[in-house]
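Enquirer: Since each chain sits alone in its own frame, please combine them into the complex, following the hints.
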Amino acid sequence: MLKDSEAMQQLVAIVKLQDQWIKHRASALYIDPLLLELKIQLISKEELAESLAKSWHPIAQIDQLTPKGLEKAFVYWRELVPFSERFKDQFGNYGQQTGMIGLEELESLSIFTKEEFESRLNAISKELVERSNGKEIDYRDFINGKDPEETALRGYLIAFVVTEGRATIRTDPLTEQIFISVMQGKPGDETKSVAIAVR
Amino acid sequence: MSDSTNPPGAANPSTEAAAERASLDRKTRRAFQVLILQRGRNPGVKGWEMRRYLGKDYKKILEVLSDDLKPLGLEVHLVPGPEQTDDSTRFLLRFRDPPTLTEAETAGFRIDDLAVLAATIALVNSKQGRISRKELESFLKGKFPRWRIDYSVDRYIKRGYLDQDDKDLIRIGWRTRAEIDERSLMTLILAQGTQSKTTGGKQ
Numbered sequence: 001m002l003k004d005s006e007a008m009q010q011l012v013a014i015v016k017l018q019d020q021w022i023k024h025r026a027s028a029l030y031i032d033p034l035l036l037e038l039k040i041q042l043i044s045k046e047e048l049a050e051s052l053a054k055s056w057h058p059i060a061q062i063d064q065l066t067p068k069g070l071e072k073a074f075v076y077w078r079e080l081v082p083f084s085e086r087f088k089d090q091f092g093n094y095g096q097q098t099g100m101i102g103l104e105e106l107e108s109l110s111i112f113t114k115e116e117f118e119s120r121l122n123a124i125s126k127e128l129v130e131r132s133n134g135k136e137i138d139y140r141d142f143i144n145g146k147d148p149e150e151t152a153l154r155g156y157l158i159a160f161v162v163t164e165g166r167a168t169i170r171t172d173p174l175t176e177q178i179f180i181s182v183m184q185g186k187p188g189d190e191t192k193s194v195a196i197a198v199r
Numbered sequence: 001m002s003d004s005t006n007p008p009g010a011a012n013p014s015t016e017a018a019a020e021r022a023s024l025d026r027k028t029r030r031a032f033q034v035l036i037l038q039r040g041r042n043p044g045v046k047g048w049e050m051r052r053y054l055g056k057d058y059k060k061i062l063e064v065l066s067d068d069l070k071p072l073g074l075e076v077h078l079v080p081g082p083e084q085t086d087d088s089t090r091f092l093l094r095f096r097d098p099p100t101l102t103e104a105e106t107a108g109f110r111i112d113d114l115a116v117l118a119a120t121i122a123l124v125n126s127k128q129g130r131i132s133r134k135e136l137e138s139f140l141k142g143k144f145p146r147w148r149i150d151y152s153v154d155r156y157i158k159r160g161y162l163d164q165d166d167k168d169l170i171r172i173g174w175r176t177r178a179e180i181d182e183r184s185l186m187t188l189i190l191a192q193g194t195q196s197k198t199t200g201g202k203q
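Protein sequences, first through last, are from chains A and B. For the first sequence, the positions run 1 to 199 when our numbering is used. For the second sequence, the positions run 1 to 203 when our numbering is used.
Keep in mind the hints are simulated off the structure, nothing from the lab. From a predicted model like this one, the values you see are computed outputs, not experimental measurements. Heads up, the beta-carbon is just placed ideally off N, CA and C, and yes, glycines get one too. One should not assume that every hint holds.
Unchecked claim - Output of the computed footprint for chain A on chain B, the stretches with three or more beta carbons under 8 angstroms from beta carbons of chain A:
| no. | segment |
| --- | --- |
| 1 | 38-46 |
| 2 | 84-98 |
Unchecked claim - Simulated pairs of lysine-lysine, DSBU-like, Cα-Cα distance not exceeding 35 angstroms:
| no. | chain 1 | residue 1 | chain 2 | residue 2 |
| --- | --- | --- | --- | --- |
| 3 | B | K127 | A | K45 |
| 4 | B | K59 | A | K72 |
| 5 | A | K45 | B | K158 |
| 6 | A | K146 | A | K114 |
| 7 | A | K68 | B | K56 |
As the list claims (entries may be wrong) - Ranges of calculated distance between the beta carbons of each label pair, as one might list FRET restraints:
| no. | chain 1 | residue 1 | chain 2 | residue 2 | range |
| --- | --- | --- | --- | --- | --- |
| 8 | B | R30 | A | Q41 | 48 to 58 angstroms |
| 9 | B | W48 | A | P67 | 18 to 28 angstroms |
| 10 | B | G108 | A | T171 | 39 to 49 angstroms |
| 11 | B | G108 | A | L65 | 19 to 29 angstroms |
So that you can see chain B by itself, here it is in the shape it has in the complex (with noise of 0.2 angstroms):
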């Protein structure tokens, strides 16, 4: 009875949305395999890059990956590349909640470096986004030993967070970009101060 309904060589509806889920299926395992494994020197994958291995759909691919890793605590994130396109957008994962500070301190990073990072990040951001090697020394000296902001520097600069320029100007690099909110380090630094004195005003 089926036959005279469907004529022979028309595909079934449920067939076909099957054969849709698995491609989804198979295209969404090759995007989790294409970021998760490094490729080059830079971590993340760019737009171009993806176009080529899942297809011109490729961002709603990434969208459904991302959901799906939502339960393992990490997600997809895009970082815009320098010509704002699609193709120059780097497409990477990340945790999705931030560590704790212990978890940071035993991926290697020292209090003293993160507190060095903290503090050049919000003070080139508050100075429009670059500042002289010079001038971010002499602040950061008032609060840290010498050897400390060299090695510290020069560490960020080489992963990646910060970038420094042939006129010697430190800018944010493409790293703290990819794995730093900004907009909400900038307000837990301000928040910091008043945070513990209301916390102490209540006790």
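Looking at chain A on its own, in the form it has when it is part of the complex (with noise of 0.2 angstroms):
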């Protein structure tokens, strides 16, 4: 009896799928698909276009907004968090933006002290003045350490150094890479800064 009323149901189902395909075969819509598939390959793309603009009837309709809507992004708006509050909770102060380090602020956290870092100063322009040798040499080269810690504390170093006009930089435009060389006589009226990624 159940095996009867499954093969009934089977074929239920297939009479109503040739029941579908009748129903497309004699609707107006119907054309022999491989006809159509050469027809498209044969036409220009223009042709296809024109075609469906010629049938193309857009919808008009105005979207803009109503007082309804205008209450809605009120309460929207008065309601919202501040973005620099609205992910506190999970992260903490993660939005906070990046800002500067002053040497005071160095000094407050104990990197340095100022006779430490009046030293380190004198020591790395010395080391500048030797392997530059009067030459222009590489800036990455010149502020590689043996850790990335040390490559950003001699990249900071050599800011000041630069800064005091004890030495200069030049990045050439094509190759971009940064050179360092001691400064020469008095520095000139023509001063930028210029900001690197220390890597």
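Expert: Structure representation (structure tokens):
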């Protein structure tokens, strides 16, 4: 009995599909797929586009603000938590902007003492004079330390040497290679600051 | 004298007709406002909403509105809903006459995009209303670059011209049913080559 009803159900499904097929074949939309594929391949893109444009009736509608929409927007804006506070619960102060760290701050964090900073500045300046020997040398090679921390520290110190006018930096516009050399004589009037990523 | 023919409290027929006319005008205006402003994500207003806004005679009012809009080149068009009931039918305003190809281009559709849509609609219709995305892409590859096919098909799915189910079968979307005269499209595609050949022969 169960088998019979299953067979009957399958038969009904077949008859339904046949019905759909016959209806489609009889409808005005039916065109032999092979004929249509051939036709589409033969005609140009412009002709295809033109056929569509000629049978196209675009919808006319205005998408504009209504008093209800305005009220909704106002309520949303009023209840919107400022961006800086929005993810505080999940990420703490993750969204805080990066800033600049000054010498005073480094001193207060006990990273440097004033004396130590001065002596390190003189040491790196002396090293630059010795290594460059009056010529330009590669900036990245020069600041490169044994680990990323030391590289960052050397980059930080050399920035002070350049700011004090004891050295100068030049970037090759084609290769983007950065060179550093000891400043000969007095620094010129034309000075500018550059940002260099330390890797 | 007139007081004797029309007893007090009885409505004057001309006043009644004027009131009816005013009510019809008001309802027609309301129907236009309801149809022209977008409510929700998809354009158009469903039958049950129309009945709520305009009353049970909403179909007659929409017919009057469609006639009134004729001079402006617009019409009220109905798209049958999935349940084929009055309530699920979607009513919308659309252009009575198709735009020119140049006008279509100014609406942000490139010729290539329009051609992809035309070929897709025609192909889907010839394949009993559905085609696998893979088969469609492999067919269109002969005429359009691969990146253009992906871009256009995805864009038309997003805009409702095409529909893709979880089995990656592409079907005709509700927007095509609303905006495109599919029968005319099929006829025009089939006539394209022969038209130019006939014209060429005559010349």
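Enquirer: Does each hint fit the structure? Answer for all of them.
Expert: So, going through the hints one by one against the coordinates:
no.	hint	in the structure
1	38-46	holds (count 3)
2	84-98	holds (count 7)
3	B:K127 - A:K45	holds, 21 angstroms
4	B:K59 - A:K72	holds, 32 angstroms
5	A:K45 - B:K158	holds, 23 angstroms
6	A:K146 - A:K114	holds, 24 angstroms
7	A:K68 - B:K56	holds, 26 angstroms
8	B:R30 - A:Q41: 48 to 58 angstroms	holds, 50 angstroms
9	B:W48 - A:P67: 18 to 28 angstroms	holds, 24 angstroms
10	B:G108 - A:T171: 39 to 49 angstroms	holds, 43 angstroms
11	B:G108 - A:L65: 19 to 29 angstroms	holds, 22 angstroms
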